[in-house]
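Novice: Now for the letters of each chain:
2 protein chains.
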Amino acid sequence: MEKGNLGKIETKYYTFGEVSNQLLLESGEKLGPVTLAYETYGLLNSARSNAVLVLHALSGDAHAAGYHEGEKTAGWWDDMIGPGKALDTDKYFIICSNVLGGCQGSTGPSSLNPVTKQPYGLDFPVLGIRDMVNAQEKLIDHLGIDCLLAAIGGSMGGMQVLEWMFSHSQRVKSVIPISIALRHSPQQIAFNEVARQAIMADTRWNNGSYYGGNPPNRGLALARMVGHITYMSDRSMAEKFGRRLKDERQPFKFTADFEVEGYLHHRGKSFVGRFDANSYLYITKAMDYFDALQGQNSLLKLKDSRMKVLVIAFKSDWLYPLYQTQEIVRICKKAGLDTTYCEIESEYGHDAFLLEIDEQTHLITHFLERVKNGD
Amino acid sequence: MEKGNLGKIETKYYTFGEVSNQLLLESGEKLGPVTLAYETYGLLNSARSNAVLVLHALSGDAHAAGYHEGEKTAGWWDDMIGPGKALDTDKYFIICSNVLGGCQGSTGPSSLNPVTKQPYGLDFPVLGIRDMVNAQEKLIDHLGIDCLLAAIGGSMGGMQVLEWMFSHSQRVKSVIPISIALRHSPQQIAFNEVARQAIMADTRWNNGSYYGGNPPNRGLALARMVGHITYMSDRSMAEKFGRRLKDERQPFKFTADFEVEGYLHHRGKSFVGRFDANSYLYITKAMDYFDALQGQNSLLKLKDSRMKVLVIAFKSDWLYPLYQTQEIVRICKKAGLDTTYCEIESEYGHDAFLLEIDEQTHLITHFLERVKNGD
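Keeping their order, the protein sequence lines are chains G and Y. If you use the working numbering, the first sequence corresponds to residues 1 to 375, in order. If you use the working numbering, the second sequence corresponds to residues 1 to 375, in order.
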């Protein structure tokens, strides 16, 4: 099949939850007005039955595919979204929004608090993944879609997929959670907490009040460095960097002299230009609190569902190990759902969901065909 | 066998390398005078043939066993060292010294620079594991020991064991490297670099000049937190903490509310009271530079050696995965050495070498008997 490109894309914005109708959060607090930045690719059919919601990971955004005006790099999942691709815009209407709590156009801690007319900072309420998904549901309402054909996403996107599955099962015909767990293990919480501490230890963080001044770039870069180690596999790092020194002539000095160190520094530094430290705190906390099965008789709700499930995992992903995706599969089978599970060989570690395009394309293309045809 | 206790122990000090006879370092720089803090347990026999050198890990020290005056907690490997234990003080003369570059009595960046009469700080030369071992050799000379019965240690202690094996093969009859690699992979370097960056990002670090003022405790605690995650296994964390909250009534707040977070904070905070941030930088760098096989025809040197080797690894250790210890074994076999390898079942991760006492005792007791008897 010939693959095409989407070309120029513009981000759109939807605002809801004005004072009289604020979003009720999992914590019991209310938030509003709320803006979601979102993009769409392809066309909604007349039956409004071909919508696929793409959910992004921790550092992702609404710009999943195509190019913004003047941009040289396409959206973060462009290899998967477009004409003839896994999420085929000739067939499907693709939606991707920046999560609530984010910093790429959606309402988050860097947004203006309507009460104080200042950025929220730590006055922003602590969020759950459920709140992100409830906000997405408002967007789906706004777009006039009763039922999504599919919800798909990797990593934290996978958590949102699970939330759609367990809490909004009437509004989604199929789900594709990738490289994710039903809930974070203490090890996953621990890595996130180290990242948060790195941000909060930066004196520039200033208890979350740094907007208009100097943001805690060093702390945020450090948080990103920790993250990056967990996104790669031991093997992919070994293949990419080995033990090469940046400068062979000076092996005994006290700076970052291995190539892997330089790479991490670079990834940390380039991250601070596009991400807000407080958003990093709020979003990682939402991930840690998430428990797909917590207190909602989730399995009972799915009892009469005809939902189809495709769970994808990658063998070298040590951040979300296979036993966790297998647990998702067990739960889905227990609920009687039509569930397909695939463990893909890959050396990319957790990052594989962004990089292993061919295998995922094959699986997802056929799965969505089945869902569309009601097989 | 009845196991006894060593009782009260005192740390001793040996100083060498005065100006006319300084220690030549791997970097080409010279350092002196050098003091090593060390402890001994048991008695050296008249043939001076029963000495076992214990090498400590990154955060360890010379106090491997017994109690100092007034102490309530015994030395870090007390379960392994004493009458009737794996390193049986009724049979062996055990030596453990704090590494060069350390902060527990041996010369390191917090020591006074004899030239400036101020603490060295970053004027301390960058060290290699080889330098630590060369300093230990001076101590062995001082104690009148020509040949060690064994050198044993886990983690960074294992690196020193490997260095004894490859560079001082005439002075050691057997070696027991535990939970270690021939060299750091980029992933291991990356974790160390994140820890170093955490320290250096703390404004109190002040380019290494903080002695007499406020040390970079927050950065050092953060470095230790990163380390602790890598020392435990996913499973041991899950069994120890699960997803329990510290305070069930307040799940939605923005502090460390999972038990695992509180544990990491505690470990970080208790570490800063006993460790110097600059030593952490120097020692982790020495580990990253270490390459047991680098440029010394190491294998050739071992060709006619009758050295015995016992390599120990733990299955849940993901910081030093089994493929790395297996590589040590392959190299030893290739060199024709009498090599025993044991992978021990354990859920403790990298920390297992400090915790899995029974299995190690069994293996080491029999191994040392063989070495002693020249079997």
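Do not take every clue at face value.
One copy or two, either will do: identical chains are not told apart, so a pair holds if it fits within one copy or between any two.
[Said to hold, decoys possible] Subject to a maximum C-alpha distance of 35 Å in a straight line, what follows is the list of computed DSBU-like cross-link-like pairs (lysine-lysine): (1) K301 / K246; (2) K269 / K301; (3) K240 / K333; (4) K72 / K334.
These are computed hints drawn from the structure, not numbers from a lab.
Novice: For the identical chains here, do K269 and K301 meet the 35 Å Cα criterion within one copy, between copies, both, or neither?
Specialist: For K269 and K301, neither the intra-copy (45 Å) nor the inter-copy (45 Å) Cα distance is at most 35 Å.
Novice: My question is about K301 and K246: at a cut-off of 35 Å on alpha-carbon distance, are they close within one copy, between copies, both, or neither?
Specialist: between (56 Å within a copy, 31 Å between copies)
Novice: Since the copies are identical, ignore which copy is meant and state whether K240 and K333 lie within 35 Å (CA to CA) inside a copy, between copies, both or neither.
Specialist: Answer is between: at 29 Å across copies they meet the 35 Å cutoff, but 39 Å inside does not.
Novice: Up to 35 Å between alpha-carbons, please classify K72 paired with K334: within, between, both or neither.
Specialist: For K72 and K334, the Cα distance exceeds 35 Å both inside one copy (46 Å) and across copies (52 Å).
The earlier numbered hints that this structure contradicts are 2 and 4.
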